[in-house]
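Chains A and B are the protein sequences, given in the same order. Numbering follows our numbering, in which position 278 of the first sequence is assigned residue number 300; successive positions increment by one, without gaps. Numbering follows our numbering, in which position 25 of the second sequence is assigned residue number 218; successive positions increment by one, without gaps.
Warning: the hint list may mix true and false statements.
Said to hold, decoys possible - In silico DSS-like links for lysine-lysine, alpha-carbon gap of 27 Å or less: (1) B:281 with A:394; (2) B:281 with A:158; (3) A:379 with B:221; (4) A:257 with B:281.
As the list claims (entries may be wrong) - Partial list, derived from the structure: chain B residues whose beta carbon lies under 10 Å from chain A: (5) 213; (6) 271; (7) 284.
Source of the hints: derived by calculation from the structure; they are not laboratory data. Even glycine gets a Cβ: it sits at the ideal position worked out from N, Cα and C.
Residue strings, one per chain:
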Amino acid sequence: MAEIGHGGKEIVERILEPTEAAEKIKGLTAIPIRSQIANEVIDLAYGFFTPLEGFMGKEDLDSVCKKMRLADGTIWSIPILFDLSEQEIADYGIKVGDTVLLTYQNNPMAIFEISEIYDYDKRAMCQAVFGTDEEKHPGCARTYAYKDKFLAGKITLVNRPKINPPFDPYFLPPLEMRRKFKEKGWVRIVAHQTRNVPHTGHEWLMKGAWFQTYAELPIEKPLVGVLVNAIIGEKRKGDYIDEAIILCQDQLRKSGYFGDHNHLTSLTFWDMRYAGPREAVFHAILRTNLGLTHHMYGRDHAGVGTYYGPYDAHRLLATVQDEINITPVYSMNWLYCPHCAEITSEGLCNHRDEWQKFSGTVIRSIVQDGVKPPRLIFRPEVFDLVMECAEKYGFGSPFVTDEYLEKRTPVFTIPPLSA
Amino acid sequence: MIEEEAMAEEKYPINIWVNEERFEKLQKAGLADMCEEMLAGLKVIRVYCNEAQKDKILKTFPTAKFDSATTKSIELLPREVKDKIFDKIVEKQSIDIMDDFLSQY
């Protein structure tokens, strides 16, 4: 039976088998790509970006900017673009109608059928997508860094990425993810978007969302799961290392704070744009394609600095609710109340003068100071694993350093094509 | 005076989380009761900065972050910087040390 994704379109993997791939790439001009584009090639080929089959053309881009829709009217909030300079286009001798080979890590990755070459006003794009054209906004900075020409066209993977340990069990593309949900018997699944090692505030966000999602369903057997979907993309110094994020999220299940019956950890390759409300809509699309029915949104989802109000994303989602096939679950903050002596929700507890709020940043600060946080705040199994990851993967630090950026094992590798 | 109080400047804490090594130093200096308890049993000394001091810290130490969304505190100062702030607290036996500390930078 066909799996239907965002926009009512069937999810189709655009991936060639090795023998056919080897034949198809013969004689094609090879164009090396950077990590952002490689991530998006994977997302396009495996159906994470359904209904997109390739990089956007000008009509789609213009419509996304001005109406938050593809040209055919389907809701879409973030441009998915392939950029080259005019000089590169000339040097490669590329023209509309050509098919080229995209390479990554010096190996063949995907076929790109070029249907259009165009330019677009980047400042206008920033204003439309991010609500600002300030260069200090990380999404704007990424947009301004695009070269001057955009190329549109379909993508077909010729070489599956090899997901390197310890990430390999966590890469579950849409069709595989949907099979997994069926095996588990879950009828509702709520997404937890993360780029963090979990503290108990995060844990209770998930638990709260699980209760909200369960709602009126019968409780005789487990019907609802939380899917942790970690975003793996460009790292900044001081972030938690990717290995610590993914393994510690899963540790909550392994240590019994959740179980196999209600919790699954996974990853998606994506370089965050920090587009706040528009990124919230994008995450809804992404997780719809993964087969989720519900999506958690807290305050200032995918925001940065003070560009967006805490509930702007919720308001934008409400305007498209009828056209996205996922239900938003809005989460209030969880905090520590010394009077209750427990983690509680700001929507429940009324000891307001006693509340002690904490954040991922505060936990990082505590860990940096060489202090082991109490188990009510940070689970000891998670703390121990953070420290283990620091030694095993982080060159002594659980946080991204120059050395980590230089020497880490990539999350995925494109191997030589084996025909 | 009343007007001045009404316009009292907001204060932003730096949380110096007290690990065993720091607690030992405090005990030796007879300052153990300087610690507050937070977050289900963590010992902490909170040093407060005014707006100008906060700005100077964020500029001087680029890894530092002002947690504007949740705690309104200055976090992620490098451990060695926090050690220096801590040592200054022990030396002066006071948490009112930020001007003195920042004068080195």
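Verification of the hints:
no.	hint	result
1	B:281 with A:394	24 Å, holds
2	B:281 with A:158	35 Å, violated
3	A:379 with B:221	31 Å, violated
4	A:257 with B:281	35 Å, violated
5	213	8 Å, holds
6	271	8 Å, holds
7	284	19 Å, violated
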